[in-house]
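Could you build all of it, start to finish, from the sequences and the hints given here?
There are 2 protein chains.
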Amino acid sequence: MSVMYNRVALIGLGLIASSMFWAIKRAGVAGEVTGYARSSGTRDVAREIGLCDRVFDTAADAVEGADLIVLCVPIGAMDATAAEISGTLKPGAVVTDVGSVKRAVITAVGPHVPDGVHFIPGHPLAGTEQSGPRSGFAELFDNRWCLLTPDGAEANEVKKLRTFWEALGSNVDEMDADHHDLVLAVTSHTPHLIAYTMVGVADDLSRVTDTEVVNFSAAGFRDFTRIAASDPTMWRDVFLNNKDATLEILGRFTEELFVLQRAIREGDGDHLHDYFTRTRAIRRGIIEAGQDTDVPNFGRNPVRK
Amino acid sequence: MSVMYNRVALIGLGLIASSMFWAIKRAGVAGEVTGYARSSGTRDVAREIGLCDRVFDTAADAVEGADLIVLCVPIGAMDATAAEISGTLKPGAVVTDVGSVKRAVITAVGPHVPDGVHFIPGHPLAGTEQSGPRSGFAELFDNRWCLLTPDGAEANEVKKLRTFWEALGSNVDEMDADHHDLVLAVTSHTPHLIAYTMVGVADDLSRVTDTEVVNFSAAGFRDFTRIAASDPTMWRDVFLNNKDATLEILGRFTEELFVLQRAIREGDGDHLHDYFTRTRAIRRGIIEAGQDTDVPNFGRNPVRK
Chain P
1 MSVMYNRVAL IGLGLIASSM FWAIKRAGVA GEVTGYARSS GTRDVAREIG
51 LCDRVFDTAA DAVEGADLIV LCVPIGAMDA TAAEISGTLK PGAVVTDVGS
101 VKRAVITAVG PHVPDGVHFI PGHPLAGTEQ SGPRSGFAEL FDNRWCLLTP
151 DGAEANEVKK LRTFWEALGS NVDEMDADHH DLVLAVTSHT PHLIAYTMVG
201 VADDLSRVTD TEVVNFSAAG FRDFTRIAAS DPTMWRDVFL NNKDATLEIL
251 GRFTEELFVL QRAIREGDGD HLHDYFTRTR AIRRGIIEAG QDTDVPNFGR
301 NPVRK
Chain B
1 MSVMYNRVAL IGLGLIASSM FWAIKRAGVA GEVTGYARSS GTRDVAREIG
51 LCDRVFDTAA DAVEGADLIV LCVPIGAMDA TAAEISGTLK PGAVVTDVGS
101 VKRAVITAVG PHVPDGVHFI PGHPLAGTEQ SGPRSGFAEL FDNRWCLLTP
151 DGAEANEVKK LRTFWEALGS NVDEMDADHH DLVLAVTSHT PHLIAYTMVG
201 VADDLSRVTD TEVVNFSAAG FRDFTRIAAS DPTMWRDVFL NNKDATLEIL
251 GRFTEELFVL QRAIREGDGD HLHDYFTRTR AIRRGIIEAG QDTDVPNFGR
301 NPVRK
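Residue numbers (this note's numbering), protein chains in the order written: chain P, 1 to 305; chain B, 1 to 305.
Hint data in this document are derived by calculation from the structure and do not stem from the laboratory. Do not rely on the hints blindly, as some may be mistaken.
[Stated by the list, open to error] Computed list of chain B residues with no C-beta within reach of chain P, every gap over 12 Å:
hint, residue
1, VAL3
2, PRO114
3, GLU129
4, THR233
5, ALA281
[To be verified] Here are a few chain B residues that face chain P, going by a calculated C-beta distance under 7 Å:
hint, residue
6, TRP145
7, HIS192
8, SER206
[To be verified] A short, non-exhaustive set of chain P residues, derived as facing chain B with CB atoms under 8 Å:
hint, residue
9, SER188
10, MET198
11, GLU212
12, PHE221
13, ARG252
All C-beta atoms in this analysis are idealised placements derived from N, C-alpha and C, irrespective of residue type, glycine included.
Encoded structure:
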């Protein structure tokens with residue numbers, strides 16, 4: 001593929017930015033990739049492992065002359081980061097981000113984007129439970145979705161950014177920022193909160209030891225711990241910045257949980273069986289849509305064919 | 001390994017029994033394995049794929065002359081199944097089971113076990129989201145735990161059954177039946193109920209389409225759907241038969257969830273960050289105990305090294 005942006009600046013060098021770097025290099029869609037991280041330790045690691053063609057000590061230096069700027073910092077740091085780079089942005093440049101919440105990013109970043117610079121918020125739905133500059137890999141976005149919430153940004157620039165994400169392996173869709181935040185409250189934010197809660201409960205029980213929880217986790221619990229090992233700062237910011245949608249879905253969740261709890265208490269086996277049968281169908285849909293494999297047991301064991 | 005039981009009878013031929021068969025053959029610890037399933041369709045499949053050396057049309061015929069009888073039926077079918085085989089059990093034989101709840105199985109099966117037959121309840125903590133006679137594989141129990149709740153059964157026979165499970169790849173531990181049911185409520189039953197609930201909520205929302213839920217599931221939700229795709233009959237019976245412990249842990253869970261919900265509502269980022277940091281430690285414990293791998297993203301993507 002040919003170069004799409006002469007210079008791409010990655011601001012923040014964690015899992016998503018480092019995966020973007022390797023995916024950009026794999027696709028050959030950028031002339032040069034610059035990078036910046038707030039922590040000098042992260043910048044040192046980036047230089048050591050060749051993450052970014054040039055690593056700068058300030059965000060402003062990293063974005064100077066860049067055609068595409070990708071904000072890869074936690075949601076809570078978006079406002080300050082955007083303020084820092086605002087004066088250095090090149091006219092005609094595109095600013096995008098990878099935050100898990102879109103309305104809050106628009107509110108934080110929008111006011112700092114000068115006239116003549118395009119702002120197209122984005123969110124690649126991809127990740128692992130690992131974080132930091134060493135955690136990235138080029139295949140992270142392959143066959144995953146990237147959602148853009150352009151909200152009136154110039155059509156040609158939106159189209160170009162779509163093609164860029166497709167070159168990194170993604171499928172791309174566009175939607176309204178508020179709808180994005182609701183969809184993600186369902187498919188990501190509430191599941192994470194629930195997983196964190198369940199792991200916290202297990203850790204707190206005095207009648208069941210931590211060793212028992214750990215050793216006997218293969219029967220379901222371990223899959224919650226993987227989700228609940230995600231980056232604490234990122235997730236704090238997600239919940240603080242997608243409060244309304246998360247609380248709405250949490251309300252639905254507890255309502256539904258109480259109905260199932262009553263069915264257990266009253267011994268209503270038909271209700272439970274019907275409910276558990278219905279939820280199987282969604283799983284099939286996810287496998288058919290290529291968003292998971294049907295290899296059993298999470299692919300952790302070899303399978304006899 | 002040498003033969004430990006001349007004849008092993010597997011009653012019920014789903015995921016666990018079929019995995020036991022292949023693991024028994026791999027280990028060479030049984031002279032012959034007989035099998036029975038209530039459904040003639042399942043028996044046909046078993047005969048077609050060579051699951052069990054001989055498949056019988058009644059449970060009584062399958063257990064006749066057997067030295068080890070393994071009840072692999074849903075908890076709700078334990079009582080009737082035990083009654084069916086009671087008169088055919090050979091003196092000195094060992095009856096065990098693989099049910100996910102132990103107190104209820106003891107209550108259901110115990111009265112049907114004649115004098116001179118040993119009853120040693122068991123529970124291999126292994127499984128996948130798939131079910132049926134074709135879903136088994138020999139490696140299912142490798143490095144997983146099998147819990148026995150012998151409650152006064154003869155020590156020699158308990159020791160022999162331990163060695164049998166070890167030959168199938170398991171680690172083995174013993175505990176009291178009620179404690180087992182509490183531990184499993186934490187590590188398995190409540191996590192499953194929560195996953196089922198979250199998937200049900202997502203399926204029910206009118207403002208988010210099923211297509212959106214499916215396509216955008218990679219950000220956390222898909223891992224809940226895997227758990228929520230488990231066998232509905234098995235899980236109905238688990239909740240009906242481990243009611244007290246599940247309701248106790250559910251109570252703790254909702255209490256904790258409400259505290260986190262309030263922290264979100266009040267914008268208490270410190271509370272959220274502390275909580276999310278604490279839950280990371282358990283994850284590390286599980287990886288160190290060999291109950292999961294640290295391959296990111298569930299091993300679904302190749303990883304750049």
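Grab the minimum beta-carbon distance between GLU129 of chain B and chain P and tell me whether it stays above 12 Å.
violated (6 Å)
A closest beta-carbon separation below 8 Å is what the hint needs, so does SER188 of chain P meet it against chain B?
holds (4 Å)
Any CB of chain P closer than 7 Å to the CB of HIS192 of chain B?
Holds: closest Cβ of chain P sits about 5 Å from HIS192 of chain B, inside 7 Å.
Chain B contact restraint on PHE221 of chain P - CB to CB distance below 8 Å:
Since the shortest Cβ distance to chain B is 4 Å, the answer is holds.
Report holds if the minimum CB distance from PRO114 of chain B to chain P is greater than 12 Å, and violated otherwise.
The assertion about PRO114 of chain B holds, with a minimum of 30 Å to chain P.
For the hint on ARG252 of chain P, does the least C-beta distance to chain B fall short of 8 Å?
holds (5 Å)
Please confirm whether VAL3 of chain B is truly not at the interface, meaning its C-beta sits more than 12 Å away from all C-beta atoms of chain P.
holds (22 Å)
Please verify that hint: MET198 of chain P, Cβ, nearest Cβ of chain B, below 8 Å or not.
holds (6 Å)
Interface exclusion of THR233 of chain B relative to chain P, criterion Cβ beyond 12 Å:
Violated: least Cβ distance 7 Å, not greater than 12 Å.
Just double-check ALA281 of chain B for me: nearest Cβ-Cβ distance to chain P has to come out over 12 Å.
violated (8 Å)
Can you verify the interface hint for GLU212 of chain P: is its Cβ closer than 8 Å to any Cβ in chain B?
holds (5 Å)
Does the nearest C-beta of chain P fall within a distance shorter than 7 Å of the C-beta of SER206 of chain B?
Since chain P brings no Cβ nearer than about 11 Å to SER206 of chain B, farther than 7 Å, the hint is violated.
When the structure is compared with the earlier hints, violations turn up for hints 3, 4, 5, 8 and for no others.
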